[in-house]
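Colleague: Listed below are the residues making up each chain.
Protein chains: 2
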Amino acid sequence: MAAERDAEGFTAARPLLTDLYQATMALGYWRAGRARDAAEFELFFRRCPFGGGFALAAGLRDCVRFLRAFRLQDADVQFLASVLPPDTDPAFFEHLRALDCSGVTVRALPEGSLAFPGVPLLQVSGPLLLVQLLETPLLCLVSYASLVATNAARLRLIAGPDKRLLEMGLRRAQGPDGGLTASTYSYLGGFDSSSNTLAGQLRGVPVAGTLAHSFVTSFLGSEVPPDPMLAPAAGEGPRVDLTVSVKLWLERVCAHLGLEVQEPHPGERAAFVAYALAFPQAFQGLLDSYSVRRSGLPNFLAVALALGELGYRAVGVRLDSGDLLQQSKEIRGVFRTTAAQFQVPWLESLSIAVSNNIDEEELARLAQEGSEVNLIGIGTSLVTCPQQPSLGCVYKLVSVGGQPRMKLTEDPEKQTLPGSKAAFRLLGSDGSLLLDLLQLAEEPPPQAGQELRVWPRGAQEPCTVKPAQVEPLLRLWLQEGQLCEQLPSLAECRAFVQRSLSCLSPAHRRLQSPELYQVALSEKLQALVDSLSAGGSP
Amino acid sequence: MAAERDAEGFTAARPLLTDLYQATMALGYWRAGRARDAAEFELFFRRCPFGGGFALAAGLRDCVRFLRAFRLQDADVQFLASVLPPDTDPAFFEHLRALDCSGVTVRALPEGSLAFPGVPLLQVSGPLLLVQLLETPLLCLVSYASLVATNAARLRLIAGPDKRLLEMGLRRAQGPDGGLTASTYSYLGGFDSSSNTLAGQLRGVPVAGTLAHSFVTSFLGSEVPPDPMLAPAAGEGPRVDLTVSVKLWLERVCAHLGLEVQEPHPGERAAFVAYALAFPQAFQGLLDSYSVRRSGLPNFLAVALALGELGYRAVGVRLDSGDLLQQSKEIRGVFRTTAAQFQVPWLESLSIAVSNNIDEEELARLAQEGSEVNLIGIGTSLVTCPQQPSLGCVYKLVSVGGQPRMKLTEDPEKQTLPGSKAAFRLLGSDGSLLLDLLQLAEEPPPQAGQELRVWPRGAQEPCTVKPAQVEPLLRLWLQEGQLCEQLPSLAECRAFVQRSLSCLSPAHRRLQSPELYQVALSEKLQALVDSLSAGGSP
Chain A
1 MAAERDAEGF TAARPLLTDL YQATMALGYW RAGRARDAAE FELFFRRCPF GGGFALAAGL
61 RDCVRFLRAF RLQDADVQFL ASVLPPDTDP AFFEHLRALD CSGVTVRALP EGSLAFPGVP
121 LLQVSGPLLL VQLLETPLLC LVSYASLVAT NAARLRLIAG PDKRLLEMGL RRAQGPDGGL
181 TASTYSYLGG FDSSSNTLAG QLRGVPVAGT LAHSFVTSFL GSEVPPDPML APAAGEGPRV
241 DLTVSVKLWL ERVCAHLGLE VQEPHPGERA AFVAYALAFP QAFQGLLDSY SVRRSGLPNF
301 LAVALALGEL GYRAVGVRLD SGDLLQQSKE IRGVFRTTAA QFQVPWLESL SIAVSNNIDE
361 EELARLAQEG SEVNLIGIGT SLVTCPQQPS LGCVYKLVSV GGQPRMKLTE DPEKQTLPGS
421 KAAFRLLGSD GSLLLDLLQL AEEPPPQAGQ ELRVWPRGAQ EPCTVKPAQV EPLLRLWLQE
481 GQLCEQLPSL AECRAFVQRS LSCLSPAHRR LQSPELYQVA LSEKLQALVD SLSAGGSP
Chain B
1 MAAERDAEGF TAARPLLTDL YQATMALGYW RAGRARDAAE FELFFRRCPF GGGFALAAGL
61 RDCVRFLRAF RLQDADVQFL ASVLPPDTDP AFFEHLRALD CSGVTVRALP EGSLAFPGVP
121 LLQVSGPLLL VQLLETPLLC LVSYASLVAT NAARLRLIAG PDKRLLEMGL RRAQGPDGGL
181 TASTYSYLGG FDSSSNTLAG QLRGVPVAGT LAHSFVTSFL GSEVPPDPML APAAGEGPRV
241 DLTVSVKLWL ERVCAHLGLE VQEPHPGERA AFVAYALAFP QAFQGLLDSY SVRRSGLPNF
301 LAVALALGEL GYRAVGVRLD SGDLLQQSKE IRGVFRTTAA QFQVPWLESL SIAVSNNIDE
361 EELARLAQEG SEVNLIGIGT SLVTCPQQPS LGCVYKLVSV GGQPRMKLTE DPEKQTLPGS
421 KAAFRLLGSD GSLLLDLLQL AEEPPPQAGQ ELRVWPRGAQ EPCTVKPAQV EPLLRLWLQE
481 GQLCEQLPSL AECRAFVQRS LSCLSPAHRR LQSPELYQVA LSEKLQALVD SLSAGGSP
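Protein chains in written order, with the working numbering: chain A, 1 to 538; chain B, 1 to 538.
No lab work stands behind these hints, which were simulated from the structure alone.
Heads up, a few of these hints could be off.
In silico DMTMM-like links for lysine to aspartate or glutamate, alpha-carbon gap of 25 angstroms or less [claimed, not checked]:
| no. | chain 1 | residue 1 | chain 2 | residue 2 |
| --- | --- | --- | --- | --- |
| 1 | B | 414 | A | 359 |
| 2 | B | 414 | A | 360 |
| 3 | B | 414 | A | 330 |
| 4 | B | 329 | A | 411 |
| 5 | B | 329 | B | 362 |
Remember, predicted model here, so these are calculated numbers, not experimental data.
This is chain A alone, in the form it adopts within the complex (with noise of 0.2 angstroms):
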């Protein structure tokens, strides 16, 4: 299979974007005679994020992109002989050079998925000096991605279906890449749209932006704009000099929201014309850089009054400081008055957009019954995950020749799960989820009607449980290197995100204290478990 260059014109990670580890590792086994021999492992993780009782799998675009573009290149391969030992065979280089993911097998989660504790979101096979070295690039490539989705996805059922959800995290992401990662897996897990334009135009993510605060400051007032004429909307009728406008308008809005008219500053003023004069059809206010209720409200009625005569609406107004709750309800109790006062009815339902630091706390209170707030900007809290910044996936080896693996370390915690495993969702008559399954690849598919009895992880006894039912977890992306279904786009992903969010019962789906979300094992699994944990040879 041939390297291939993704769309982006760029691969997003490189072979060599791996831990040292992987690469002696890969000498050891290579010595040892074992290059080769058939190997499988599983990407999963412990508990879910943020104390919460579900994540989304997500990253999966990404591994597929990585795994057919893999290939050593020359100058790679040099340097791994660069800090191995000089008497290496050369021989394990010629391995390198020629190694590509052409005897590699993914099976996978479908992208936004739920996930839980212990099931495979990647199960990876093939030959084990190759899919060692894959570890950490998919690790790399998952863990944030499934991560910053969940938060996304919390912070959308916070939000309610109605509230408007901007990401804009951009500048406090882990440099280019973790931006662009942020903004395509927000997006998947619930938000509308980004401010990362990148993720537009690589991502297709919709892309959303108005002015910053610099762009208010930089007006001093007595700038002409070159061309201060502006034509009606509907095209018909002479043009309009919309300062003059604006002027005439600002007085009227004075005397009704009982403001002298030298309050408002001018440069604000000049700042929001030009940016009128600009972008006519989707005149946005910000309204926070000198006070809001004396300056940056009334200079946007002005110029809000002032296209609407030329048959424009506003799109609305942003805050970025102070209450924004409080502040929020006081501009829709202005935008009513105002209305009723010029009889413009359009202006009283103008979005309302906020930022400043919102977090999962903050959110609760905006979309309160009650609040008046329409869109939501939320940058350093959806991508810096503070609440949890890392996923913890890990990668493991389940077989290796065929036979069942695990790594019996005295930290239970850190114990596997070992063999070739297939995994199901169980579910009631109603749809709802009862529990997931593992079980061994080779053992039959549980049947729907049927009780089967299974063990919950970490339970000392089985139960049984009588599925309504029962739907296969993971997919074959990979099957030696060739890709066996499209994946579906970006959008289709985010559809099944809600879907599949609203299928969790309430108890399941609550951010603080769920109910844990039960995954058990089938009595071969954990037969298996048992012999090679009392066993000494596993």
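Fit chain B to the given chain A structure using the hints.
Modeller: The following block gives chain B in isolation, referenced to the frame of chain A:
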């Protein structure tokens, strides 16, 4: 200036890696005839991260690379056209197409400098439209780099100069570039090496790594190495079957340790032998795949002693679970008794490396007096900066058309300091840092030995200070797009960090509740702030 391909073969950040509002504002400026107005922005942070008293400035190299390569491609402009109003004047897009940084001048703190709140890390001047467009990518490139460098420097301060620190957070980073940035700037901040191979290849960071549990658990013990023979280190003498020699040594080690010879896991031993055959000069054992005391340690000792007979010195051991401090003491004890028993004194001082979710608190424990730990690997808590995952840098307009600008929001935290500025570090006669002084660019620099009156930020009164030395803080790196001086190498910057930190008083340097280092304004700058704050027309 033609777009340059950087040495990494791809441009880390691309022009569209920016918030959409930068592009909408660009259109606003253009429509207002202000695209080419001379403007200056400052990039700074408002509070030191992690509750500490200092930060390190980092990311300049990435910024310079980005700026020198900055050029919108046709596809970029087409994408912007698709999200801007359909009737946008085509001349605007021509303007974008022609943009490059040949009119941009950048002053900045040298890479690795101590940085304090409000002191610009970067001063960027040039045409208003362009330098506005640069906001998001510059913030993205500086913020996380500075944050993780600061985090690394804190961990180095805790560890002391002698412990070796390995960054191993690639799998926990925000995607590929997050990992690369983390590895690069952790090294800058004082780490010794990274597991990230790409950081070695592209940035020259020393890389390190040996083996993981999967390597160990992939061996059953029944494997037969294709070539178990090893020549002596000196090259003289017959080759020896390492498997046979290890078996003999295992019996002696088990007898010494009071273990049955069947207890140590044969698969683990086979893995150690395989690794030793590949790396006889650099053998290291990962001890906790099964049981440290009953398996990992005796297996390691058998292999290390067999290698020792051939003249090879093992490097040491690694632990990845359990009480790392306590285990390392026990292991050192076993090393000592074993060294004495078999008269191999080198065994006493083998390196003990540890990892497993180490944070500042655990690091302090591991670095305490009497600790036998030599090397500490830190991943998650280094790269994700969980104490504060974002530095919160901002990029604010300070002058346009030669006029100082100031954001006069009602939130005093968010007010900015107006005007084009110079910054100086004032030092005492012993080289200790007194304060950082911000003044207007046109003011004469402070003179060593001369008393001056300054306004500490937030103070109601001025104070006087008499510096014994005065250092200008901001250097000119890019003048009208031309590189003015070569950036020092990463290793040079890393050394500079340690020199800089040593000048900071212990009270300012301490990691919890430090004394806050003062940043002060000149009387002229303070007067400008007062007049703009009071007056209606900044």
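Colleague: If a hint holds in the structure, say so; if it does not, say that too.
Modeller: Against the structure, the hints come out as follows:
For the hint pairing residue 414/B with residue 359/A, the CA-to-CA distance comes to about 19 angstroms; that is within 25 angstroms, so the pair holds. In summary, the hint linking residue 414/B to residue 360/A is supported, as the alpha carbons are separated by about 22 angstroms, within the 25 angstroms threshold. Annotation: proposed proximity of residue 414/B to residue 330/A holds, straight-line Cα distance about 22 angstroms (limit 25 angstroms). Distance restraint check for residue 329/B and residue 411/A: the Cα-Cα separation of roughly 19 angstroms lies within the 25 angstroms cut-off, and the hinted pair is therefore satisfied.
Taking the CA atoms of residue 329/B and residue 362/B, the gap is near 16 angstroms; set against the 25 angstroms cutoff, the hint holds.
Hint check: no violations occur; every hint is consistent with the structure.
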